[in-house]
Amino acid sequence: MRFTLSAFLCLFIGVLHAQKQKNSIELPPYVKSGKLRNGLSYLIMQNKTPENRAELRLVVRSGSLNEDDDQQGLAHFVEHMCFNGTRNFSKTSLVDFLESTGTRFGPDLNAYTSFDETVYILQVRTDTAGLLERGLLILEDWAGYVTFEPEEIDKERGVILSEWRTRTGGSERISKLTFPVVFKGSRYPERFPIGKTDVIQNAPYEAFTRYYRDWYRPDLMTVVVVGDVDVQKVEKIIRRRFSKLKRVKRPRPHYSQEVPLTPGARVTTATDPEIQTYNLSFRFMKPEIDYFADGGVEQNFLIGVANVLMGTRIQDFLANSQSKVINANAFIGNTLGTASALTFSVLPKNQQWYEASAQIFNIVKTAADHQANDAELEHVKRIYRQRLESAVKVKEKTPSSEWTANLVSHALRQSPFIDPEERLKRFDSWAQSLSAESIRKLIAHYFYSETWAATAVAPESDKEHVPNNAQLMSAVYYFLSNKTFPYIFTPPAPKLQVTSATYPDETITILPENRAGYKGFALANGIEFYIRRVPEEKDRIIIDGFLFGGNSPFADSLLPAANYLMQTVYESGVGQHDITELRKLLAGKRVNIYPYLSNYYHGINGFCSPDELETAFQLARLYLTETRIDEEALGRVKTREINLLKGLYNNPDTYFGRELNRILYNNNPRATTPTVEQVEKITIAAQRQLWQALFGAPARLRWIITGDVDEEKVKALAIKYLSDLNNKTSPVELVDRNLRISARDTLYELRKGENPRSQVRLVYHGKLDSPADEFQLKAAIEVLKIKLREELREEKSGVYGVSVFYNVNSPFNDEYTIVIAFNTEPARRKELTLAAKEVLARNAQQIDAETLRKVQELLRQDIEKGRTTAQFWHNLMQGYIKFSKPESSADIAYQRTQIDALTADQVSLWIMRYAGGRPIVLVLDPETASQ
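Under my numbering, the first residue of the sequence shown carries the number 286, and numbering increases by one thereafter.
I should point out that these hints are in silico values taken from the structure, not numbers from a laboratory. All figures in this text were calculated on a predicted structure; none of them were measured in a lab. Just to be clear, a hint being listed does not mean it is correct.
Distance condition first, Cα-Cα at most 30 Å in a straight line; then the derived BS3-like pairs of lysine-lysine [claimed, not checked]:
hint : residue 1 : residue 2
1    : Lys682    : Lys874
2    : Lys534    : Lys320
3    : Lys440    : Lys1150
4    : Lys780    : Lys710
5    : Lys1150   : Lys333
6    : Lys650    : Lys634
7    : Lys320    : Lys531
8    : Lys534    : Lys333
9    : Lys804    : Lys481
10   : Lys804    : Lys998
11   : Lys823    : Lys1115
12   : Lys1115   : Lys1081
13   : Lys804    : Lys1063
14   : Lys874    : Lys1167
15   : Lys966    : Lys748
16   : Lys481    : Lys1115
Please model the complete structure; the sequences and the hints are all you need to start from.
Structure, rendered in structure tokens:
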């Protein structure tokens, strides 16, 4: 379970959030909607991607805003209790039942609570009789039949407090300071969803049932079902089940969602030792946008185009050598309650808050003062339209989870659900009369609002460079008064300037189809291609062209230059196009192809749509034959990274990650992030030499291409653009740099931060006899995920969650690592560390038959869910061809045989083999924890 506070902590992320019942938007005919006599509504849609699955949602239009003073945190707590006992599922039997069907707790079974809503998330199978109705029974229980057993409430208090500790930190402290200023006069700053710890610890049982009785009402609920279902059958089940819920005769009115827009400035500045970057945020506020009103859809188009215009201008400016800005954005959208805003945020270079803010203000003010020229208007319209067009292309293969998210937004009155084809048709009709003046007026409407807010947030170390409230307010008024001039838009070249192969060689050698179903061919110069079409994947192709080597051939002294090489290449543009023109050329197109470099691999990867496959090949050719590595681009990269590195380890989580790698790998420089001093010393000459060494033999590339792809088209494009690449130069050789765990002790205790939370990592590692043994690791890990959650969360109430994962050191495949990670209160971390070890010891002796059945079904359903996606097959093929795993690991028939053959004794033996030794324990305690 989670709550959606994080979206608001940055104070510059807009959310479409309008909830008052107003004029309706007519749903497309393939969405069945209705309302029961008790007020509960439903939305049902058949969608066969993926097959044999359905997404179920229970939407409750109530969140933390409706809590009474003695209930702060209980909206979220009630959400947790829905998983801890209902009329038909006692205690944790709900999770047990769903896991036995292959449903994963987290990805497939979850919920969230925000200020204004609570949404329950469940995916069920529809290929087995009764599972869909069983899923709707679960939603019915959540809607009206949660038991709230006192014992379960008391056990869950510790889990909620652990979640509170997980989310508490510098960002949360800053939000507590800025929210009351930005949303002055509203209820939102008083009702953060996570609540107050004293309420969580001590709230009487009656307070829970009171919230549930008052707000879990049929008239505030919508049931959403999307998937491989019979719509009429689902409607009958919903009517039969949910009609039993009683309408409340005298319902409590919602607490006000009003955000008063009193004219004037709302300004605050704050610092915190755990904040990583200096950020300024500016909001120019207006009443909420009603997207359901007459003309609301067209208003959404206008806002979308305006946001594209501001965003592209800012991106262009960031590449300017005069920029004092590391990053920035600007957009219009609904925020909280009854407010919308034009929000823009600024990350300044070297604490230059005034200069950076002035530059972004100038960009936005220019858009508010002057019309875009015709060329720019057509440019931004095209970008926005291509996004809508993409939704049309994937309509028939859009996964049910995406349709469900859109219907949930519709149910919450956040954004209307419109058929993608109808939306594109309406846009085309509307765009014919769109004027640059209407965009300017919209931006000016917000920019010159009399109600605005400004915040400056920085690390404690930057305190001397942070303005006080008066200085920040004065600066904004000055920026608002500055004179601006019309924006000069430079159109890009009509297309990528690229040449095809001078002497294309059409010689093709067909490679045998492998067990992953990939067909292959090789060009005469040696480049190999492995291709698999995935019929269920629409309008998406995944591409990975790789070479062995990565940064492993280079001396340690060259690692900083290597680590930032690809950023320099990207920032430089390619061929005749600098980064600004390249962005314009590719804007709106579904193509994203860039070079990459890791410890042991390098190459070119990304994705594209079928329509842009030739563009992808053109970009690959340009990067391989007309690379740009510019001094100015390196300067931007160094400035940005140095600014980020200076505060990166203020955050305890990031600090712990760095120290964990440093300790485990005994200060191996290939397991650590470069320092500021190392980045400052990077030279353009070093990066150019590295590039030449890496890509001097591009004909050794092996390409994996997966998705909505035509094999014959790939052959033609490969011949056209890659058949003349050099195959004479020797490539760099892969070097084993001994990137293996070599920690000397078994316990490391560190301290960082103020948050009353201990982070614990148990690390098991050892030699892997054969790459084929990885399946043993996978099965063992699945058991440990279940058993550690049951013990540490459900029985001991000590953690919010437990992560268990493993890694094998490809391409050598001779060492495995298992990591068990959890957070808890400092006073309990030794107890829970011991408990985790005991769970491993017990299951190394014996696992029960029910857990084995769960694990088998989870692994089977991973295959069933994955086999309809390009990413699933791409990962299998990478494992075999790139990461040197056995071919059987890419064969799903063989995988199914392995799963069916699992026995409890086998898995227990594997737990003993891989996690039976003494772990390395790493702990991060707060600085205030007692010794």
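Note to self: With the threshold set at 30 Å, check whether the alpha-carbon distance from Lys534 to Lys333 stays at or below it.
What the structure shows: Answer violated: Lys534 to Lys333 is near 40 Å, above 30 Å.
Next item on the list: Would you mind confirming whether the straight-line C-alpha gap from Lys780 to Lys710 stays at or under 30 Å?
Entry: holds (27 Å)
Check: Hey, Lys804 versus Lys1063, does the alpha-carbon distance stay inside 30 Å?
Finding: holds (28 Å)
Check: Is Lys966 close enough to Lys748, meaning Cα to Cα at most 30 Å?
Finding: holds (28 Å)
Note to self: Given the hinted pair Lys1115 and Lys1081, is their Cα-Cα distance within 30 Å?
What the structure shows: holds (13 Å)
Notebook entry, point to check: For the pair supplied as a hint, Lys1150 and Lys333, is the alpha-carbon distance within the 30 Å limit?
Noted result: Holds, because 12 Å separates the two Cα atoms, which is no more than 30 Å.
Margin query: Need the status of pair Lys874, Lys1167: alpha-carbon distance at most 30 Å?
Written below: Satisfied, since the Cα-Cα distance of roughly 28 Å is no more than 30 Å.
Check: Taking only the CA atoms, is the gap from Lys650 to Lys634 under or equal to 30 Å?
Finding: holds (21 Å)
Notebook entry, point to check: Is Lys534 within 30 Å of Lys320, Cα to Cα?
Noted result: Judged against 30 Å, a Cα distance of about 17 Å means the pair holds.
Check: Do the alpha carbons of Lys481 and Lys1115 lie within 30 Å of each other, as the hint requires?
Finding: holds (26 Å)
Next item on the list: Please work out if Lys440 and Lys1150 have their alpha carbons no farther apart than 30 Å.
Entry: Roughly 34 Å separates the two Cα atoms, so the pair is violated.
Check: Are Lys804 and Lys481 close enough, with their CA atoms no more than 30 Å apart?
Finding: Since the Cα atoms of Lys804 and Lys481 sit roughly 58 Å apart, the hinted pair is violated (cutoff 30 Å).
Violated hints for the displayed structure, listed by number in ascending order: 3, 8, 9 and 11.
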